[in-house]
Amino acid sequence: MSVYYLDKLMYQLNRDPMVQARYKEDREALLEEYRLTDEERQAVLDEDIGKLYSLGNQPQLLMHFAALVGYAWMDYIEAMRVGAEKYGEPQYQR
Amino acid sequence: MTLVMAGAISHAPGITGREKMAPEDKKTRYYDACYRFRDHLWDQKPDALVLVSAEHFGNFFMDKMPTFCIGLADDYQGPIETEEFLNIPKTTIPGAPELARRIADVAMQEVDLGYSQEWSFDHGFMVPLAFLTPKWDLPIIPLNINCQVPPLAPLQRCHALGKALRKAIDAQPERIALIGCGGISHWPATPDSGKINEEWDRAFLEDFVANKTDRLLRYSNDEIYRDAGPGGQEVRTFITVAGAVEGHGGELWCYEAIPIFAVGCTVVNMDVAA
Chain A
29 MSVYYLDKLM YQLNRDPMVQ ARYKEDREAL LEEYRLTDEE RQAVLDEDIG KLYSLGNQPQ
89 LLMHFAALVG YAWMDYIEAM RVGAEKYGEP QYQR
Chain B
532 MTLVMAGAIS HAPGITGREK MAPEDKKTRY YDACYRFRDH LWDQKPDALV LVSAEHFGNF
592 FMDKMPTFCI GLADDYQGPI ETEEFLNIPK TTIPGAPELA RRIADVAMQE VDLGYSQEWS
652 FDHGFMVPLA FLTPKWDLPI IPLNINCQVP PLAPLQRCHA LGKALRKAID AQPERIALIG
712 CGGISHWPAT PDSGKINEEW DRAFLEDFVA NKTDRLLRYS NDEIYRDAGP GGQEVRTFIT
772 VAGAVEGHGG ELWCYEAIPI FAVGCTVVNM DVAA
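Residue numbers (my numbering), protein chains in the order written: chain A, 29 to 122; chain B, 532 to 805.
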């Protein structure tokens, strides 16, 4: 279930300018407030869109994070495709 | 009867945000259908529009996720997304709190609704509204269906929601329109973005336009996910409208598969005769 907190981070980053400001100032401190696995935490720090996608981060949230950290639309699509190949297809709750 | 218009329209963000990247002929045919739908809506002299859509974690998140949620706010803000992403400027959209409350009171005799007093629209509501109410001057009653993360409302409950809304709308003196907006098959924001299962879409639309309840409700969630993608779960918005006009069909005004818009773009006008 821990992907929930990864989604929550992305949700709050997308919706709250204060969280965005904190992300830009001190990402490590911000991430302490979410129950992320080490793997999730590292993927956020690396801004590794492909890895985050593979970990099951909701794409409707991930696309806004990708835009926030500077990905153009087609680069975002390509990063997910590469990530799924490299790290595996995401497994969602059904 | 006070339901004066019903139908369905697409809401994908690319429709406005990636307008310039689409093939001109397909885009023009779709946009023209949207403008025709807008003119038809205004010709009915509506007092309010009930817009049934499926937002994408703009307001409703897995910490507290309502299955169905009706807006009771005085007004709404939107879009959440940047103007660069959606090509729609930030604005305020008027609500219809008193009418929404009367509709909720009747509808809740048959279905359970959550409600919201504070709501910022994402593209799920803003893209259709940008076409239908470009001056942002028609009071809107938003109704969200969770189509994102399971557990999702069973299709028959969305159909029941539509029937309950119809009863509630017809109990009001105002002239009210009801429009569902969502995708049919699509794989939004995934590596398969742009994939469209046109055969599935056309089969679904044929049943929707003929309003064949048994056919519309026959899909399992897994079948939808497999054949129509994660975005296909948004057929719940169409099925709600089908429930509201049960016994009556409609007319397909447009279907254009436009991969850069990431969805088969649709306008359907439904018959509201009582």
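Keep in mind the hints are simulated off the structure, nothing from the lab. Glycine is no exception: its CB is placed at the ideal position from the N, C-alpha and C atoms. Just so you know, not all the hints are guaranteed correct.
Sample of chain B residues at the chain A side, in silico, Cβ under 8 angstroms [stated by the list, open to error]:
#1 594
#2 597
#3 753
Derived DSBU-like pairs: lysine-lysine, alpha-carbon spacing no greater than 35 angstroms straight-line [claimed, not checked]:
#4 B/694 with B/558
#5 B/694 with A/52
#6 A/114 with B/551
#7 B/595 with A/52
#8 B/595 with B/557
Against the structure, the hints:
| no. | hint | result |
| --- | --- | --- |
| 1 | 594 | holds (7 angstroms) |
| 2 | 597 | violated (15 angstroms) |
| 3 | 753 | holds (7 angstroms) |
| 4 | B/694 with B/558 | holds (33 angstroms) |
| 5 | B/694 with A/52 | violated (48 angstroms) |
| 6 | A/114 with B/551 | holds (33 angstroms) |
| 7 | B/595 with A/52 | holds (28 angstroms) |
| 8 | B/595 with B/557 | violated (40 angstroms) |
In summary, the numbered hints that this structure violates are 2, 5 and 8.
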